[in-house]
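Q: The primary structure of each chain is shown beneath.
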Amino acid sequence: MRDSLAAFVRKEFLHIFRDRRTMMILLLMPIVLIILFGYAITTEIKRVPVAILDQSRDEVTQKMISHFVASEYFELYKMIDSEEEGQALFRQGKIRMALIVESGKLKGENEIQLLVDATDPNEATQLSAYATQIAVESGKVKVESENANSNAKPLSPFTFHLSPDQGIAPVIKLLYNPQLRGAYNFVPGVMGLILILICAMMTSVGIVKEKEIGTMEVLLVSPMKPVYIILAKATPYLLLSLVNIATILSLSYFLLDVPINGSLLLLVGVSVLYALVALCLGLLISTIADTQQAAMLISAVVLMLPVILLSGMVFPIENMPEILQVISNIVPAKWYIIAVKDIMIKGLGFGSVLQEIGVLALMVVVLVGLSVKRFKIRL
Amino acid sequence: MNVIETDKLTKCFGTFTAVDHISFTVGEGEIFGFLGANGAGKTTAMRMLCGLSTPTSGTGKVAGFDIYKETEQIKRHIGYMSQKFSLYGDLKVWENIRLYGGIYGLSEKQLKAKTDELLRVLDLENERNTLVDALPLGWKQKLAFSVAIIHEPRIVFLDEPTGGVDPVTRRQFWELIYQAAERGITVFVTTHYMDEAEYCNRVSIMVDGKIEALDSPSALKSSFKAGNMNEVFHALARGARRVDN
Chain A
1 MRDSLAAFVR
11 KEFLHIFRDR
21 RTMMILLLMP
31 IVLIILFGYA
41 ITTEIKRVPV
51 AILDQSRDEV
61 TQKMISHFVA
71 SEYFELYKMI
81 DSEEEGQALF
91 RQGKIRMALI
101 VESGKLKGEN
111 EIQLLVDATD
121 PNEATQLSAY
131 ATQIAVESGK
141 VKVESENANS
151 NAKPLSPFTF
161 HLSPDQGIAP
171 VIKLLYNPQL
181 RGAYNFVPGV
191 MGLILILICA
201 MMTSVGIVKE
211 KEIGTMEVLL
221 VSPMKPVYII
231 LAKATPYLLL
241 SLVNIATILS
251 LSYFLLDVPI
261 NGSLLLLVGV
271 SVLYALVALC
281 LGLLISTIAD
291 TQQAAMLISA
301 VVLMLPVILL
311 SGMVFPIENM
321 PEILQVISNI
331 VPAKWYIIAV
341 KDIMIKGLGF
351 GSVLQEIGVL
361 ALMVVVLVGL
371 SVKRFKIRL
Chain B
1 MNVIETDKLT
11 KCFGTFTAVD
21 HISFTVGEGE
31 IFGFLGANGA
41 GKTTAMRMLC
51 GLSTPTSGTG
61 KVAGFDIYKE
71 TEQIKRHIGY
81 MSQKFSLYGD
91 LKVWENIRLY
101 GGIYGLSEKQ
111 LKAKTDELLR
121 VLDLENERNT
131 LVDALPLGWK
141 QKLAFSVAII
151 HEPRIVFLDE
161 PTGGVDPVTR
171 RQFWELIYQA
181 AERGITVFVT
191 THYMDEAEYC
201 NRVSIMVDGK
211 IEALDSPSAL
221 KSSFKAGNMN
231 EVFHALARGA
241 RRVDN
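Heads up: the protein sequence lines correspond to chains A and B, in order.
The working numbering puts the first sequence at residues 1 to 379.
The working numbering puts the second sequence at residues 1 to 245.
Take the hints with a grain of salt, since some may be wrong.
To be verified - Under 8 angstroms between C-beta atoms, here's a sample of chain B residues computed to sit facing chain A:
#1 W94
#2 I103
#3 D208
Said to hold, decoys possible - Partial chain A-side listing against chain B, Cβ under 8 angstroms, derived:
#4 K11
#5 P223
#6 N261
The set of hints was computed from the structure by calculation and includes no laboratory data.
Cβ atoms here follow ideal geometry from the backbone N, Cα and C, with glycine treated the same way.
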């Protein structure tokens, strides 16, 4: 039986190697995704044009403005002389943020107004957070926020005040990712996506292809046990996905400076577990689909969309309506991504990802049970 | 000696009786034609004999093994060629031979000898490294048959093996079947072509899940007073209620 299994695994590798185009796609896809997310599709804020109106010109505000200009988030577009000029620049789309420093009503106390183009609310939130941080760093300030966009103009800047203060000074410290690097979030996401894609989609298409060309029937009539057929099918894709994990991790480590703070062994272990879940999903899909196209379509709709939309890779799960939050629990990628972030970024150990490992393991058991049942019914 | 024996073999899917109490025997080295219109129950019957499907009732033995309990042993002693083409088009000729040989547990030495012998007999020695996809259909089918009996099974099941092949190639294919039968391999073949039915030692004709006739082609022709098997078949199939799947 071991010999026939070996013969079968060899055959599966040949299928992959002979199909050059698919193999190239499988090997290049992680590289392309990492580069795309790392350099093109970035949610990070960089060099946003800012106009500054400084009516005070004292030491504290000068220091703060120089901090603003020096930061990589903002770029001074123009020093302006009036608020109206700032509004005009907003309307022309020249700037996305304006900083207005009013002259101190009392000695040594300035009121700072921040006008942010909130047409993209996420960006506006991030911009004001960065600005607040810089203001806080440049002097003792009290943050008082106030939404002033009730009279909704087409372009509705939201405003809040920063004022120097003698008393309370918030000290903001960002844990794990002090530079707010987007790569820390998307690298685990890309890993979750690639593994599902390769293990589930390719396995389901591979099995359905055999049904389509009629070889599956011949295999089922042979002494080869169905479980061996499936094992042999899964092996090359499991190995291929390990290669992809290695590619993603080295690219993110060397190119994007994403650290691997935790145990590499644990990271690979969790990845293999997740790959197993994906393989089982592929197997289940193969028992439902009758054609390769159907298998591909089901994989795309049932697997990839939830990974992109519901795993927390792109949209934060905490912000979703409750029903979607509940649904997100059955998306394996969600648990995998949490575990990878814990291990890679936070550097946590086995004990901290126990829950995620448990959920993924449970998914394997349930899926294996379901597919075996369905596989038998079809015979 | 009989290599296939069935007694009142029945398979129901819900209220639908796909195979209805069929009883027959097939002797060793016999070429047994299994005829019937689409939906008559041929494939279901064949699947039960191959151990792919559990019968609802009745008994059966294939190669001396029980079709309920000993399906694993049955699988070791039978060969199978499906109506769909059952080789891998993206593998080379020799890789296909080795794969199936490997699945049936042939040793490295046996594999090598078998591969050489097979390529010589089929006159495919120059095509050893050709991808199967690149071979003409007739060659593919001959190769598929040879691969199906690579482990010298007691019985080989052929499910409409000659669909879409021209008459000359079909004739050549049947020569391979005769050679296999001479070596003592029982051939159980389903077909749509009535001229092929004439090549069989005995044929059974299934109508609506039941075997309506079973004899040698010449005996059938004389009892139905028909000039050829086509007329015999139509005389029986006319009464069929089930037309398609």
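Q: List, from low to high, the hint numbers that the structure doesn't satisfy.
A: 1, 3, 6
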